[in-house]
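In order, the protein sequences belong to chains A and B.
Under the working numbering, the first residue of the first sequence is numbered 4, with each subsequent residue one higher.
Under the working numbering, the first residue of the second sequence is numbered 4, with each subsequent residue one higher.
Treat the hints with caution; some may be incorrect.
No copy is singled out in the list; a pair is fine if it fits within one copy or between any two copies.
Below are the BS3-like pairs computed for lysine-lysine, each with C-alpha atoms no more than 27 Å apart in a straight line [stated by the list, open to error]:
#: 1; residue 1: K438; residue 2: K412
#: 2; residue 1: K157; residue 2: K170
#: 3; residue 1: K329; residue 2: K712
#: 4; residue 1: K785; residue 2: K698
#: 5; residue 1: K698; residue 2: K328
#: 6; residue 1: K327; residue 2: K549
#: 7; residue 1: K769; residue 2: K328
#: 8; residue 1: K785; residue 2: K327
#: 9; residue 1: K412; residue 2: K550
#: 10; residue 1: K549; residue 2: K328
#: 11; residue 1: K550; residue 2: K328
#: 12; residue 1: K175; residue 2: K351
#: 13; residue 1: K763; residue 2: K329
#: 14; residue 1: K550; residue 2: K329
#: 15; residue 1: K85; residue 2: K331
#: 16; residue 1: K698; residue 2: K769
#: 17; residue 1: K547; residue 2: K94
#: 18; residue 1: K327; residue 2: K396
#: 19; residue 1: K370; residue 2: K763
Hints listed in this document are in silico derivations from the structure and should not be mistaken for laboratory results.
Fair warning: this is a prediction, and the values are worked out from it, not measured in the lab.
2 protein chains.
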Amino acid sequence: MDDDVPLILTLDDSGSSASAPLDDLDREELPNENGGSYDVINDASSPAAGDCCAQQSSARHNWEMNYQEAAIYLQEGENNDKFFTHPKNAKALAAYLFAHNHLFYLMELSTALLLLLLSLCEAPAVPMLRLGIFVHATLELFALIVVVFELSMKMRWLGFQTFIRHKRTMVKTCVLFVQFIEAIVVLVRQTSHVRITRALRCIFLVDCRYCGAVRRNLRQIFQSLPPFIDILLLLLFFMVIFAILGFYLFSPNHSDPYFNTLENSLVNLFVLLTTSNFPDVMMPSYARNPWSCVFFIVYLSIELYFIMNLLLAVVFDTFNDIEKKKFKSLLLHKRTAIQHAYRLLITKQRPSGISFKHFEGLLRFYKPRMCARERYLTFKALNQSHTPLVSLKDFYNFYEVVGLKWKAKRNREHWFDDLPRTAFLIFKGINILVKSRVFQYTMYTVVAVNGIWILVETFMLQGGNFFSRNVPWSYIVFLTIYGVELLLKTTGLGPVEYLSSGWNLFDFSVTLFAFLGLMALAFNMEPFYFIVVLRPLQLLRLFKLKKRYRNVLDTMFELFPRMASLGLTLLIFYYCFAIVGMEFFAGVVYPNCCNTSTVADSYRWVNHTIGNKTVVEEGYYYLNNFDNILNSFVTLFELTVVNDWYIIMEGVTSQTTHWSRLYFMIFYIVTMVVMTIIVAFILDAFVFRMNYTRKNQDSEEDNGIVLEKEISKEEVVGIIELYKRSSAATETAQLQKIVLQMDKYGQMSTLFLGRRSRTKSDLSMKMYEEEIQEWYEEHSRKEESQMPLQEPASASNSSLKPLSLRQRSQTVI
Amino acid sequence: MDDDVPLILTLDDSGSSASAPLDDLDREELPNENGGSYDVINDASSPAAGDCCAQQSSARHNWEMNYQEAAIYLQEGENNDKFFTHPKNAKALAAYLFAHNHLFYLMELSTALLLLLLSLCEAPAVPMLRLGIFVHATLELFALIVVVFELSMKMRWLGFQTFIRHKRTMVKTCVLFVQFIEAIVVLVRQTSHVRITRALRCIFLVDCRYCGAVRRNLRQIFQSLPPFIDILLLLLFFMVIFAILGFYLFSPNHSDPYFNTLENSLVNLFVLLTTSNFPDVMMPSYARNPWSCVFFIVYLSIELYFIMNLLLAVVFDTFNDIEKKKFKSLLLHKRTAIQHAYRLLITKQRPSGISFKHFEGLLRFYKPRMCARERYLTFKALNQSHTPLVSLKDFYNFYEVVGLKWKAKRNREHWFDDLPRTAFLIFKGINILVKSRVFQYTMYTVVAVNGIWILVETFMLQGGNFFSRNVPWSYIVFLTIYGVELLLKTTGLGPVEYLSSGWNLFDFSVTLFAFLGLMALAFNMEPFYFIVVLRPLQLLRLFKLKKRYRNVLDTMFELFPRMASLGLTLLIFYYCFAIVGMEFFAGVVYPNCCNTSTVADSYRWVNHTIGNKTVVEEGYYYLNNFDNILNSFVTLFELTVVNDWYIIMEGVTSQTTHWSRLYFMIFYIVTMVVMTIIVAFILDAFVFRMNYTRKNQDSEEDNGIVLEKEISKEEVVGIIELYKRSSAATETAQLQKIVLQMDKYGQMSTLFLGRRSRTKSDLSMKMYEEEIQEWYEEHSRKEESQMPLQEPASASNSSLKPLSLRQRSQTVI
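Based on the sequences and whatever the hints tell you, model everything.
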């Protein structure tokens, strides 16, 4: 007899079971006989009466649906998917499930990457990768068809109405349409036309599930734009004023090529803003009148040192504000998701909480890989009260707890505790040695000596005979020392403990690679660079010494995912500009191309013979071209670094029209935005982190989030019974292992440790502690006005939203 | 009969009046007959008995001393002078007073400036200002003697013990000594030797009273140094690793001059950090192997985009922290100063507060320029309770209130209210017109049209015939419109109200200057530049339109003093480096000087004849030299801007030794520090300001601090009596004017408005409101443990610290 009925009355499709929940309800009015322990166990042990088998299986089916929908809600909460995209009926659910798994995501990603990588092969292609037009156009068509398939799945899942309303998807559809037509045109004409729209291919990548961080970055950039543009206008305004002024002041000087027309004046002041032409632009007028330097000093002081910093300040401020708002909305979104899930998991009979049975059902869908032990531990960790039910208040911590990795707390202190006495003493000695400060500082000294050694050795190598095949003996000596250290540490601490520290892992891999390099050298391969690169890396270990560096490096690792996503965002901008650049400027610069321009020297390539010697005069700048996508990327990076970018600009301009400058200027402004955001991000992250450290100075060392839970033998046995009833063999076997282990050591209970690394969200939670409470209150006030949630038992069913899957499926179908 | 006796028993030098306070005390035990009104008035009206005249004058003398000392305490609090430099006896007081007035400060400043400016005339001098060695050495000696005099006054005031303990003064003394000897040596030898110590002359300027802000900046810079250096080391560490790597990777390529030795490798990576040689340094290796760009991209990403931003983050964070700490210590210092002053102003009889009489006495010393009305208003503004005494709690607001400028609130709304009906209507019409949005936006449109006009006009001038003497008619048209606007506004609002707004003042002065320029042009003078500069300035008015710009500009004006002091700090660093640069590098670069170096082109000056045309090929970089102090400053500015700085460095290096690079690299690092601080400062100020605006969104528009106080006629009459008694004729006359005015309008009281602009300190007070209370509590706990202050009446005199002037003078003398 199933004693649980979902609170949200799920009318079955068949209609026959409509009375079942009511029957259940009647039956459940009986007093609850379960005493003390988690009722899931007792539930399971109560024999199922034969006559209500059909009802029971139907109720179970109901429950399965509820579990799945709750899991979907929780996933939406985690991924910040809006609830209006929640699958609305059974058909939609099937499509949703099809479109929400890693296989599908991977397909999405690889299609997008394939489309992006096609530009390596399309004309102007990288020479080695050039493909026939037929080949790459077919590939493109294939990829686009896959995208069509993906979109149709999405449409199935969202329904046409929602699909139309979803902006990003609509843009994607339009781009897809255009790309499709163009691909067919290329295939028909058998020649590439000017296809700037290729720059839009990025949208396929941006729309990928795995690129959520990139989407967030883009959103943040767009949100920071309004204040940025305001200050940019201020900047341009002063630039125009100074350009007019400069034109009046300096154009009478005919030896001054920088201010002879208003356009030149403007362009040169724009370049001056990047300081790229600095002393040069001043020199002709400075040579004539020393006081003209005042004009430039004032200009740079206002524009570069004041307004540009103002720009950073404004963006930083907006960024800060947005970060907080984003955190807030994410937090509240998660909370709402948890509320939705909670409503699907409580029963009519016991509306005050979720029992383990239902929680376990949820986790089966939410985290299929989780083993039975972990599910129970998660449940126990959530359950703050000592009742068998998880209340809504406890359930709010779901996201914090579900990420924990659980491990039985070791009874043994060292790995060698079980060894015979002599071995134990030896290993214990090594352990003490390895943990001693003397050993540590000796190693630091060795590393420092190694560093100095490398420096001196390199300094001595001025002659350049360093391509001799002999491995320097110092290399072998130091490598031996590092090897011995590695051995000692591994034996002293045990391999598991040794490798659990990030720094040790770093030491280990560097030493291992250096050793491999040496081996390869011995077998006469060419891993010379390999060794050279690896040797100084050891020196990085010295940075463990100082707290500030440790802090910096920790923060760096914490920031890494976010930094990578910012880098990817930058690359997406690069891609767009690279495509546009290639379409317009491919092949326009070449050696000696720009002899008529002011930057002719930089593009010169002269091969003249003086006496009997051939002297090559190379300007090299012709290498900074847009001839293929890789070259374009390098050129764009040079433009990002800004120094001497005007040489590239002028070179291209002299070969095309002077409207080309717009491309370069727009690129400068775009990278300025992205770079400012990156700076603001680093600034924000570090200042946040340091404030956090300052605020929590007295608290313990930062080891991530750790939780401890004890499980008694009876509990395990109870869960085994539960699983046995639902005939889950693997889970039962797993749990029985734990019981066996307990028996072996004669324990009545085992202590488990849940551990996960600290995320930015955890830090934010702690920083905004007080404000969060306000947000919650505000949020629940709003919620209450929409739907009575806190007291679901007293509310009539009809007023409860959202509707469950099947309820809606009835209205829709 | 003087009814007040200072609480702090001031033993007179003569000893005869030792009993006077006690007598006073006895007499004052009588019940106070004063009813209701401020007792100062009644005090004054009570007839002075003849027999206690001597006592009275002695008591008054006591009081004068107390007033003065209290004023000194308050000044010390305001200027953040430490109390251990408080004058300890009568002699010290005389010296203190001598050394603390604007005349002395001006002398200090002008001596320091003279010493600094001497470097314009000393070899290598600016050609026009060259002076004979005898002349400038004598001038220097003279200035140094003045400094000696200043120092001796300081020693007199501080006493030898404190003088020795005061670090800054000791450093100054040492520098003075060295400078003195060197000046004499120069005078004797009649030739300048290498005098790098001239760089130390800055200390005379830094030590000036007026340069307090510079001292604070320097302190802040030094306090930010430790974390800065940590990250700098990280930066240099990576630089060394990459230098070694680069050397191994690229030195086999013989056409690559950048990595052929380890030293070159290091120097070029240092320069690359500033991006100054960017694509060039990569080009030779990139030409050989395209993948070598990875080395440079990784290097720049780590060093430039990550660690450099980290540097900013760390400095910004430290800066934030220091700013808050500084604010706290300043606040507590002021509080202590107020406590000290308070203790000197309360009487034995009424220890619960300060009466107006004593407050007035204090203000006579603290702000001699303040008129009687303002003194009384300040007193009233301080007095929150309705008793005649200002309690300590009220007195704590002293600094906030004393800066207010008081003005009688106008009864008339407009300046033309008293005019006859017709005139009134006309002016009222103008007033309404001028205040209307239509008028405002019309003017904005005119300004915008003017802007576009100027742009188009300038664009049309490509030919260059813009030196015709005709004033363009558009100029006259627009100027007329602005003139009419100015007239309308002045008449409509009244000149006083018109000019009280900063923006109107700006409009007014720009229009006036433009008009003056036109006049000058009419009289055939050459103010062409003048007009050109002024015309686009009008466009700045457009920035009133948007709130963000108003915010930005307001903040800019608020920041201006601080920015100026930061600029001055930078200039001081420049001065030091300029002196060192001149001593070592004066005259080393000249046209065609560096033909053997890699930067020969930039220094080339060739005058060759091709056909019948003379072509001058100028590199101009020889102009960036250290030949005199002005040139050095320009060169250093170019080094600050960083672009192409290595050309200057390499030029100088090729003419001297390669150790010269150290000078340039150190300069780069120093400016990096100062610039980072400046950026951090701007960032901090703006973010602070924006947070403040966000926090106080609902509150009224920011008009500075405004306070309202009403004074009744009786009060004024009472004060007049008081002043009459002390025979202060000017004060009496002033006050009587107010009474007359009240009589004229038949009022019984006048409302006064106190106004001052909001300072950063006010903002901080509001931002840290809660924390400030904690600081105060903490501080008073500390204070209490040192001396019982809150209940001075219950404390015995002997336990009261600090001792008053004369008490100490007795112990000292």
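Status of each hint after checking the structure:
{"no.": "1", "hint": "K438 to K412", "verdict": "within (22 Å within a copy, 78 Å between copies)"}
{"no.": "2", "hint": "K157 to K170", "verdict": "within (13 Å within a copy, 75 Å between copies)"}
{"no.": "3", "hint": "K329 to K712", "verdict": "neither (33 Å within a copy, 47 Å between copies)"}
{"no.": "4", "hint": "K785 to K698", "verdict": "between (32 Å within a copy, 23 Å between copies)"}
{"no.": "5", "hint": "K698 to K328", "verdict": "both (22 Å within a copy, 15 Å between copies)"}
{"no.": "6", "hint": "K327 to K549", "verdict": "between (31 Å within a copy, 26 Å between copies)"}
{"no.": "7", "hint": "K769 to K328", "verdict": "both (16 Å within a copy, 24 Å between copies)"}
{"no.": "8", "hint": "K785 to K327", "verdict": "within (20 Å within a copy, 38 Å between copies)"}
{"no.": "9", "hint": "K412 to K550", "verdict": "neither (29 Å within a copy, 60 Å between copies)"}
{"no.": "10", "hint": "K549 to K328", "verdict": "between (35 Å within a copy, 25 Å between copies)"}
{"no.": "11", "hint": "K550 to K328", "verdict": "between (32 Å within a copy, 22 Å between copies)"}
{"no.": "12", "hint": "K175 to K351", "verdict": "neither (44 Å within a copy, 85 Å between copies)"}
{"no.": "13", "hint": "K763 to K329", "verdict": "within (12 Å within a copy, 30 Å between copies)"}
{"no.": "14", "hint": "K550 to K329", "verdict": "between (31 Å within a copy, 25 Å between copies)"}
{"no.": "15", "hint": "K85 to K331", "verdict": "within (15 Å within a copy, 47 Å between copies)"}
{"no.": "16", "hint": "K698 to K769", "verdict": "both (10 Å within a copy, 21 Å between copies)"}
{"no.": "17", "hint": "K547 to K94", "verdict": "neither (56 Å within a copy, 58 Å between copies)"}
{"no.": "18", "hint": "K327 to K396", "verdict": "within (24 Å within a copy, 39 Å between copies)"}
{"no.": "19", "hint": "K370 to K763", "verdict": "within (23 Å within a copy, 54 Å between copies)"}
Of the numbered hints stated above, those contradicted by the structure are hints 3, 9, 12 and 17, listed in ascending order.
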